[in-house]
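Once you've looked at the hints, dock chain B against the given chain A.
There are 2 protein chains.
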Amino acid sequence: MAEGTNKKVVLKSRPVGEPIPDNFELVEGAIPSAGDGQVLVRNQFLSLDPYMRGRMSDAKSYAEPVAIGGVIVGATVGEVIQSNHAGVAIGDTVLGFGGWQEFAALEGDEVQKINPDLAPISTALGVLGMPGMTAYTGLKNIGQPKAGETVVVAAASGAVGSVVGQIARIEGAKAVGIAGSDEKCRFVVDELGFDACINHNAPDFADQLAKACPDGIDVYFENVGGEVFQVVLPLLNDFARIPVCGLIAHYNATELPKGPDMTAVLMRQILVKRLTFRGFIVWDFAEQEAEAKKALAGWIGDGSLKYKEHVSDGLEKAPEAFIDLLKGGNFGKAVVKLT
Amino acid sequence: MAEGTNKKVVLKSRPVGEPIPDNFELVEGAIPSAGDGQVLVRNQFLSLDPYMRGRMSDAKSYAEPVAIGGVIVGATVGEVIQSNHAGVAIGDTVLGFGGWQEFAALEGDEVQKINPDLAPISTALGVLGMPGMTAYTGLKNIGQPKAGETVVVAAASGAVGSVVGQIARIEGAKAVGIAGSDEKCRFVVDELGFDACINHNAPDFADQLAKACPDGIDVYFENVGGEVFQVVLPLLNDFARIPVCGLIAHYNATELPKGPDMTAVLMRQILVKRLTFRGFIVWDFAEQEAEAKKALAGWIGDGSLKYKEHVSDGLEKAPEAFIDLLKGGNFGKAVVKLT
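Sequences listed follow chains A and B, in order. The first sequence begins at 673 in my numbering and counts up one residue at a time. The second sequence begins at 673 in my numbering and counts up one residue at a time.
Bound conformation, chain A alone (with noise of 0.2 Å):
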């Protein structure tokens, strides 16, 4: 056992609606040691991701929400500084589930080795991590932009998003960014390249959408939901193409928008246009990932795929920065820095 305490950071109580930095609670335990076959590890950043609003729920879902008093789930990249695991040394930079705490236990069979040399260690939670692969293998599953057609994707600055229509225009189509402020946009069109990004604050948003995508949009990247969809949902082009990967404008709702019910518009879309919705995780598509961090590293290296992190500083910093992420305050990929 380490000597020092871990300190971590645990739900105290489910959030109803938008998060509260009540619903989380700073606390210090005891730095646990590896046990068999385990690693211990001293955590350097941590992610923020939308999905973690989901575990901190106990509706029905994808995966096991977390319990209350208990650390709070997601990933992170650390050293690790004690070792039972034949395949993992002490000082290997590893990335894994070690949640929101400076210090995790973690299964040696359930970490990836990093090479610190190839990029910042943060980039394997975002752009060559579950983000981009996100972006990545929805894109190559589902969305199957071709050159010439257009590619719209929301959250544009954010960590799915920014790969999202970077990528788009590398396989030769039309990127269009939706992001919540003009800097947002500025940043999407001038650094990432998008063809054009909208502000969907901006009172005329659905008529400055549609007269970004004079041709209609091929591929909606589906990470927000809410209002934004349904101004995308007339601009849909025969047979586009829906991956649906989050839905990050229902998160915080604690009740259903009011009448009348557009499911029946919804469905009467799918049918006449031939729409396909199809929603993944990115586990779904596990056996890419050598394929897609591949596929990456070489845009990264190569210059054609560009990132941007948002970094807050300290443990006691992520609920803050967890709230301010599902209200679109982050301008980046999310993280905390730990050590």
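It cannot be assumed that every hint is accurate.
Same chains, same names: a pair is fine if it fits in one copy or spans any two.
Cross-link-like lysine-lysine pairs, in silico, DSSO-like; alpha carbons within 30 Å at most [unchecked claim]:
no.	residue 1	residue 2
1	818	785
2	965	684
3	684	945
4	679	812
5	945	812
6	966	989
7	978	818
8	818	945
9	732	930
10	999	812
11	945	930
12	989	732
13	945	966
Everything labelled a hint here was simulated from the structure, so no lab data went into it. The structure displayed is predicted, hence computed values, not measured ones.
Just chain B now, with coordinates in the frame of chain A:
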């Protein structure tokens, strides 16, 4: 020009909600002549299909609406009585889009010869025609039922639904039908061999469907929409596939269902269960026509695929039969016998 008159049913006014007899008008005109490259066909059977309701409206869809005063569109089989096309001879039986009339001048290139010795010619409008192909291509390309999976289809005694369930059985899946009366359900189970069939008018319909699908639903072939869909949705398994080929419950709707807006629920289900919804019309898979017809004819030949027709006698009966079809009053593939 042939002698005599051509009876035809034209669209007198666009239906608002349910079509009524006064939306249709039976008129007489001259029998047309076959122009260059055309054939003149004496229609023997007219197909009645739910999609026709869409053509009577002027809402944007995948096909042009019927003009006011125009002959209502529809597939027909009939005998060629005049030919200006080298590939088609007088006396041939052909399938074409002859519409709601007794005689039609059709492009010789756009009719298909039918062998009247293989099966009753009316089957070219049903099990061996567009409805059969819709079932076949929707299952093959989108539903993709695997042995042991559960396939649910509504309008199970109808032209498409009856074929969907029987193909599912042939593929080794479990077939559960939904129909509008106990009599239809008995036919679906006893004659068509479905594993179960539930009457959607039963007060405990949702409970009965859940009991008939103890392992959930892997494929829901959507041709109905509305309340049936809302009952099916919570029973869908992870990775379920939903081919969307029709929404007959919506076609007569004049306003959207009252709220709340359940779109958010549907999108969440798509995400967390990783569902695939894909709309299609049979012509999207036109290149599979020969394959589909061969397979369907083979199954009819070996007794594994059965069909039932609901025949109305005389063109003047077509409006009433069509109005009835939209209410589920038919029992089997709806056709009108014209001669």
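Hint check:
| no. | hint | in the structure |
| --- | --- | --- |
| 1 | 818 <-> 785 | neither (34 Å within a copy, 38 Å between copies) |
| 2 | 965 <-> 684 | neither (36 Å within a copy, 62 Å between copies) |
| 3 | 684 <-> 945 | between (46 Å within a copy, 28 Å between copies) |
| 4 | 679 <-> 812 | neither (40 Å within a copy, 54 Å between copies) |
| 5 | 945 <-> 812 | both (21 Å within a copy, 20 Å between copies) |
| 6 | 966 <-> 989 | neither (33 Å within a copy, 66 Å between copies) |
| 7 | 978 <-> 818 | within (21 Å within a copy, 42 Å between copies) |
| 8 | 818 <-> 945 | both (18 Å within a copy, 27 Å between copies) |
| 9 | 732 <-> 930 | both (23 Å within a copy, 26 Å between copies) |
| 10 | 999 <-> 812 | within (28 Å within a copy, 42 Å between copies) |
| 11 | 945 <-> 930 | both (26 Å within a copy, 24 Å between copies) |
| 12 | 989 <-> 732 | within (29 Å within a copy, 51 Å between copies) |
| 13 | 945 <-> 966 | between (35 Å within a copy, 29 Å between copies) |
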